[in-house]
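Undergrad: Make a model of the complete structure from these sequences and hints.
As you go down the protein sequences, you meet chains Z and D in turn. All residue numbers for the first sequence refer to numbering that gives the first Met the number 0, where the first residue is 0 and numbers rise by one. All residue numbers for the second sequence refer to numbering that gives the first Met the number 0, where the first residue is 0 and numbers rise by one.
Since the hints were made in silico from the structure, they are not lab data. Keep in mind that a hint or two might mislead.
Copies of one chain are not kept apart here, so a pair can be met inside one copy or by any two copies together.
Stated by the list, open to error - DSS-like cross-link-like pairs, simulated, lysine-lysine; straight-line CA separation at most 27 Å:
id, residue 1, residue 2
1, Lys37, Lys59
2, Lys145, Lys32
3, Lys109, Lys145
4, Lys109, Lys32
5, Lys125, Lys109
6, Lys145, Lys37
7, Lys135, Lys58
8, Lys81, Lys135
9, Lys59, Lys98
10, Lys37, Lys98
11, Lys135, Lys116
12, Lys81, Lys116
13, Lys37, Lys125
14, Lys58, Lys37
15, Lys116, Lys77
16, Lys58, Lys77
17, Lys135, Lys125
18, Lys135, Lys77
19, Lys98, Lys145
20, Lys125, Lys98
Protein chains: 2
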Amino acid sequence: MDQRINEVNEYLVSIFNDVLMIEERTLQMSQFKDVSIKEMHTIDAIGMYQEHTTSEVAKKLGITVGTLTVSVNNLVRKGYVKRVRSEIDRRVVQLALTKRGRLLYRVHDKFHRDMVKETINEMDEKESEVLMLGLKNLHRYLERTKGQLPD
Amino acid sequence: MDQRINEVNEYLVSIFNDVLMIEERTLQMSQFKDVSIKEMHTIDAIGMYQEHTTSEVAKKLGITVGTLTVSVNNLVRKGYVKRVRSEIDRRVVQLALTKRGRLLYRVHDKFHRDMVKETINEMDEKESEVLMLGLKNLHRYLERTKGQLPD
DNA sequence: AAAATATGCTTTGAACGTCAAACTATTTGA
DNA sequence: TCAAATAGTTTGACGTTCAAAGCATATTTT
Chain Z
0 MDQRINEVNE YLVSIFNDVL MIEERTLQMS QFKDVSIKEM HTIDAIGMYQ EHTTSEVAKK
60 LGITVGTLTV SVNNLVRKGY VKRVRSEIDR RVVQLALTKR GRLLYRVHDK FHRDMVKETI
120 NEMDEKESEV LMLGLKNLHR YLERTKGQLP D
Chain D
0 MDQRINEVNE YLVSIFNDVL MIEERTLQMS QFKDVSIKEM HTIDAIGMYQ EHTTSEVAKK
60 LGITVGTLTV SVNNLVRKGY VKRVRSEIDR RVVQLALTKR GRLLYRVHDK FHRDMVKETI
120 NEMDEKESEV LMLGLKNLHR YLERTKGQLP D
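TA: Below is the structure:
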């Protein structure tokens, strides 16, 4: 049992590092060299469809609003994100992706989906079910733990 | 099938973010407030036992040697890491943890192990086996992908 | 052995990521 | 109305990162 824990732990850590590294390098090789992995995640959090306010996106990313403002300044300059002042409340800024931003979003999303697809394709229905169960357990534990921490 | 892929993908992303956030906050709450999550991973890469050279650790972390040198400067100042010049080859620096560094290493390791333990405890032998298989598949895919990328 | 080359590490400059605190503009409530 | 609250921006300080230049030591070539 202890051995199993070690093994799972090592796979998880290794998977974490690999995904981050591959995402980073794939970006640097693509037509989107001017986007860092953090910026990519900001683009992901802004999302394709509805517009989200600065506060909402910052919360989703777990960073302060100030940090996001700086990052959005860069992403606007680079042409991936646009700001839209709310007509209803002039204090509010809605963030949205530009055409180029949406293209990058889709490329990144495909990378993620391919990665998972490749894993799942080699499993039968029942096995992928159990994998899901394991991830769900892990996720539930983490959410519980997170809830116990102060903001 | 497509739905399953989305689900697994979303769990993975969520787990990633949660682990990083929890690690960060747990550190900030502990007696090790002066250590960032990146520094924690550097300490982890230096490891408890054998001494490793700067180049080896940098490679393991996937960062340049220059970056690591800067980070190690800080960790030495804070008392977690020590440098030992190799007697055999005076150019080489062996990195090692101080007593305090080793204490932190153990605390962090326990956090990781507890996290996995909690997940696995709720599964029977066969289920944890399949979880392992899923992680192994994912890991194999990522290593293969990584191998296709240029350095 | 001396000179050239290679290796291991450090330093530096530039850009991004992060927070806290001070600030601006706008809205809400008393 | 005007004080307080809210949404976002700016700024200063420090960490993280890379590339490029530099330093010390080792190895290879002549």
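Undergrad: Next step is simple, just say for each hint if it's right about the structure.
TA: Going down the list of hints, with the structure as the test:
In the homo-oligomer, the alpha carbons of Lys37 and Lys59 lie at most 27 Å apart both inside one protomer (13 Å) and across protomers (21 Å), since each shortest distance falls under that limit. Within a single copy, Lys145 and Lys32 get their C-alpha atoms only as close as 34 Å, which misses the 27 Å cut-off; across copies the closest is 18 Å, which meets it. In this homomeric assembly, Lys109 and Lys145 come within 27 Å of each other (Cα to Cα) only across copies, at 17 Å, whereas the closest approach inside a single copy is 29 Å. Taking CA atoms no more than 27 Å apart as the test, Lys109 paired with Lys32 passes inside one copy only; the shortest distance there is 18 Å, against 38 Å between copies.
For a Cα distance limit of 27 Å, the shortest separation of Lys125 from Lys109 inside one copy, 25 Å, qualifies, whereas the shortest one across copies, 32 Å, does not. With identical chains, the CA atoms of Lys145 and Lys37 are at most 27 Å apart both within one copy (22 Å) and between copies (20 Å). For a Cα distance limit of 27 Å, the shortest separation of Lys135 from Lys58 inside one copy, 22 Å, qualifies, whereas the shortest one across copies, 33 Å, does not. Proximity of Lys81 to Lys135 under the C-alpha cut-off of 27 Å is found in neither arrangement, the shortest distances being 35 Å within a copy and 40 Å between copies.
Only within a single protomer do Lys59 and Lys98 lie at most 27 Å apart by alpha-carbon distance; the minimum there is 22 Å, versus 38 Å between protomers. Taking the closest pair of Cα atoms, Lys37 and Lys98 come within 27 Å of each other only inside a single copy of the chain (20 Å); across copies the shortest separation is 34 Å, beyond that limit. Taking CA atoms no more than 27 Å apart as the test, Lys135 paired with Lys116 passes in both settings, with 18 Å inside one copy and 14 Å between copies. In the homo-oligomer, the alpha carbons of Lys81 and Lys116 never lie at most 27 Å apart, since the shortest distance is 32 Å inside one protomer and 44 Å across protomers.
Taking the shortest Cα distances, Lys37 and Lys125 never come within 27 Å of each other, neither inside one copy (35 Å) nor across copies (38 Å). When the C-alpha separation of Lys58 and Lys37 is checked against a cutoff of 27 Å, the pair qualifies both within a copy, at 15 Å, and between copies, at 21 Å. Within a single copy, Lys116 and Lys77 get their C-alpha atoms no closer than 32 Å, and across copies no closer than 44 Å, so neither meets the 27 Å cut-off. Proximity of Lys58 to Lys77 under the C-alpha cut-off of 27 Å is restricted to the intra-copy arrangement: shortest distance 23 Å within a copy versus 31 Å between copies.
In this assembly of identical chains, Lys135 and Lys125 lie within 27 Å of each other by CA distance both inside one copy and across copies; the values are 15 Å within and 17 Å between. Taking the shortest alpha-carbon separations for Lys135 and Lys77, neither the intra-copy value of 37 Å nor the inter-copy value of 38 Å comes in at or below 27 Å. For the identical chains of this complex, Lys98 and Lys145 are neighbours neither inside a copy (35 Å) nor across copies (29 Å), given an alpha-carbon limit of 27 Å. Taking CA atoms no more than 27 Å apart as the test, Lys125 paired with Lys98 passes in neither setting, with 40 Å inside one copy and 47 Å between copies.
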